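If you're matching them up, the sequences are chains A and B in order.
Going letter by letter, the first sequence gives residues 1 to 297 in our numbering.
Going letter by letter, the second sequence gives residues 1 to 287 in our numbering.
It is worth saying that the hints were derived from the structure and are not from the lab.
On a predicted model such as this, the values are computed, not experimentally measured, just so you know.
Each pair of labels, with its calculated beta carbon distance range:
(1) Leu10/A with Pro63/B: 52 to 62 Å
(2) Val89/B with Gly238/A: 22 to 32 Å
(3) Ala191/A with Phe24/B: 27 to 37 Å
(4) Pro128/B with Lys99/A: 31 to 41 Å
(5) Val263/B with Ile95/A: 23 to 33 Å
(6) Leu10/A with Thr150/B: 18 to 28 Å
(7) Phe276/A with Glu171/B: 26 to 36 Å
(8) Lys18/B with Val194/A: 15 to 25 Å
(9) Met84/A with Ile40/B: 19 to 29 Å
(10) Met6/A with Glu171/B: 20 to 30 Å
(11) Met84/A with Glu249/B: 31 to 41 Å
(12) Asn291/A with Pro63/B: 49 to 59 Å
(13) Pro128/B with Gly38/A: 18 to 28 Å
On the chain A side, residues computed to face chain B include the following (Cβ under 10 Å):
(14) Met6
(15) Gly8
(16) Phe18
(17) Pro26
(18) Leu87
(19) Ala91
(20) Leu92
(21) Val120
(22) His140
(23) Ser231
(24) Ala235
(25) Ala272
(26) Leu275
Using N, Cα and C, we set each Cβ at its ideal position, and we do this for glycine too.
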Amino acid sequence: MEKKSMKGWLYLLPAILFLGVFMVYPLVDVCIYSIEEGYNSASQTFYGYGKYNFSYVLRDPYFLQAIKNTFLLVIITVPLSTIMALLISLALSSIKKFKELFQTIYFLPYVTNTLAVGLVFMILFKKTPYSDGMINALIHLFGGSSIDFIEGPYWAKMLVMCIYTIWVVLPFKILILTSALASVNPVYYKAAKVDGTSSFRIFRKITLPMISPMIFYLVITGFIGAFKAYSDEVAIFGTDLNASGMNTIVGYIYDMLYGDSGGYPSYASAAALILFVIVLTITCINLLISNRNVHYS
Amino acid sequence: MEKNSAANKKRTEHPVRKTLVYIFLVIWGLVVLFPFYWMILTSVKSYSSYNSEYVPKFFTTSPTFQNYKDAFTAVPLARYFLNTIIFTVITTALMLIVIVLSAYAFARLDFRGRNITFTLFLSLMMIPNELVIITNFMTITNLGLRNTFTGLILPSVTSIFYIYLLKENFEQVPDELYKAAKVDGTSDFKYLVKVMIPICKPTVITIVILKVIECWNSSVWPRLITDDEAYFLVSNGIQEIRENGFGRENVPAMMAAVVIISVPLVVLFLIFHNKIMEGVSRGGTKG
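Isolated chain B (complex conformation) (with noise of 0.2 Å):
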């Protein structure tokens, strides 16, 4: 780190040169934040204010709570989020139980056709969701699982990414803990339990949060396969109050909602966002 420093020092010892790099910094984070500071802004302006601005204020003198208790009211908003909660929760929590024991697999049961199988797996990933989204969605129609949890589900309970990540993990726990595992009778089982998991635990979190994010913020697959309001996720109920709830555009209150939906997300991030930021770039894809 010292070295870096010095070697930059000759790059960076102008102090005009510094001050635009900061200004410039501060301009992209106010592009960042600006949606964000304009959502809340609007969420506490009320109706009547918010529409007699023509030309909107950049703050407010009087901000209320009234568009808050109406997302709540007014809207079934509640309901998403449980149901994006319930969605979440049973996901992440099978997605754990298959790619655990995968991995497991792959790392260190020893079985013929292991690598080929393991190549197949890999070479999967290249496809894209929207190939097989539409046979599944056929699928899931035809077996009538369309506006149940099931059918929200299933789809989405594998990642081979996540048994890749996994894998490589498990891989560099040493073989002597296992052979000594062995020799006391322990079985695979619970070996994969009571060590593994344990020594791969920090990997094991990254994983659950990449996942609940892509779960929170899930809405291609949701909005295919519910067109009943009961089954709205988040994402699907974000749309739905755009276009039919509120009545007369209630913008205010709209950006209530999106506050709302947006908190759990962004309080996550606050207190993860190490994790977050180096499970994404250990190779999470995005845009």
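Excised from the complex, chain A in its bound form (with noise of 0.2 Å):
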């Protein structure tokens, strides 16, 4: 019995090192980090522990920026691209030819390279003195005058980084939901036709309420990914994103840890823990509603 034991340990041994060394471990020192204050990471050294790190934090002019347009960030984009994914889906569901050919089309995104799609974006929404770019083209077409997406004003840069942020996360979001309309039992849908229900009314009263557990864990996935959002912006605006202002509390933790502006595991922690803190909050809130909304079959 116990060399039993032994070897079922034996196999789980290279799992549990790795997950130790870099899972268990970082996750008790990231706490310890944020409390030391005055870290030096040449020297190892701190003065002594305290909150001094989350109040430098939370009073950092770059970390409000950073809040600020992660949380423009995930109200914009959640909703409107759990709404696209809907209509998409409910659309592809209602077709029979070339349903597969879309399908496959729509998935495209999801296996790209987002910092490489990124730079096709920001070329396209780039103004240059010598370029106009593809949507700014688009925009004189219907008689508007151009605009400097990239590094111009606030708004503009924001509408570019939700609607790639939106083109990103659709094929993950089309796909769940395009499963989940497909296995909702066909006979609630027979008995309403003999019924004669309208076909709104049969949205509304049958099929919403069988997909609704998969919209409530693409609502809840979409909230923990956007509140990550990083990578997509460092493809569009490049690394610096505080110099262009649109960096996210991923990329402030990012910036202080490594880079021109790091050398701060300390304020990083201090950040991390925040996101970790917010993200729980969100979710925790999420699961509250749902469990008041969803249907469970």
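Make one complex out of these two single chains by using the hints.
Here it is in structure tokens:
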């Protein structure tokens, strides 16, 4: 018996080692870092313990800007992308011809490199002295005047950011909702048809409740994903996000850790813990709402 | 399937409505594909013709492949490519060993503390990467492993989610096979390699494909851990090209580099799209 036990642990050993070093230990360590005041990464010394790191981060204008950007991004993209995904999936599930072709095309952005395709988006929206850019050409066509979306006004930069984020997150949501719609038991539709129910009512009373667990799953993961936005911003605005005023919370953490403004793991840890608390709070609120409104069969 | 279409018939029998649905789907298809079209189009425009178009043209009459040559000669794109392939192959191989062993332990071996360990593993899934990356960065830096493949690879060789996925699949293999193998005197390890893995091959392949995509696109950790160009992966390479490469904002050459970087994954996707989509809908997350 004892030998058998040993064997089990032996098989688990590699995973436990890796998880211990790169997940469990860091988890404890990040909490310690966050309360070590005046940590110097060169000499690895600090003055003492306290909550100074948190108050520093919360008063840092760059962090406040990052909070504002991240919240705007979350509030705009999560509902919009979920609704768009729902509309597209409904359209997809109502057709038979070319369905698979459309599904495959829609999923393509998922497998592409965010930084690479972000560069294309930047080119599309950018305005330079010698080129107006594709999007501005379109705006001209409809009688508007051109705007620099990459280095121009804040709202324009935010707009590009949201458009790119939605473009990136939609493939996953469409995929999940399409398979949720396909798994609704057709008996319900048949019964409704016998009763002569209108199609809008069918959607409200049958489809929506049946797929509501999946919609909620997407909303929750969407919130978590959007709060951690970072790579998409780098792809469009370059690595110096503070300079362009488009930094996100995760971007702030990395900037504190590394690069020209880096070398402050304590501030980074404090910011990371603040982010964790925000995400945890929002997820709990989401779960509370979902328990009341979601139909689990 | 037949029942489903009968039920849907009422909703789709209006031809006008059906046309509208198709128009909507085609428009979204164009939105998805347009950036890809634009990057290929721009990549075959010559530097001078691109810069002479104040309003960009939607087609080109004289395509050139000069940009692709530049992409390989003016910047070390081949080096970035090779690095990414090395990183992807080693990470995926090591991860497979780690997760197969753990999934087997959880699914088949009987030992004290198995269930509680599994629960602990699952609870670690909730820990966001941002929280642990700070210490990992310090660990790798203090070990002097910056700008090495070891430093790049080590933190990403375990995935609890894939352990979970594989364990579920292993458990579906009938117990009788295991008992028969035991009677024949087959060792656990041999049983795992000769019986379990071949039976669960579809899941293993899905995991490999998803991990390859993840490795190919990873950018945050490589950026933190490498500042020597000799160790850049394609993601960092593209960022470097954008900020310092080609000089004078050579957009067509940049786009050629983007096309080259995107091709391997798009090809992989076109071959395996069913497997990839199935794997992701079983629980991949992103966005």
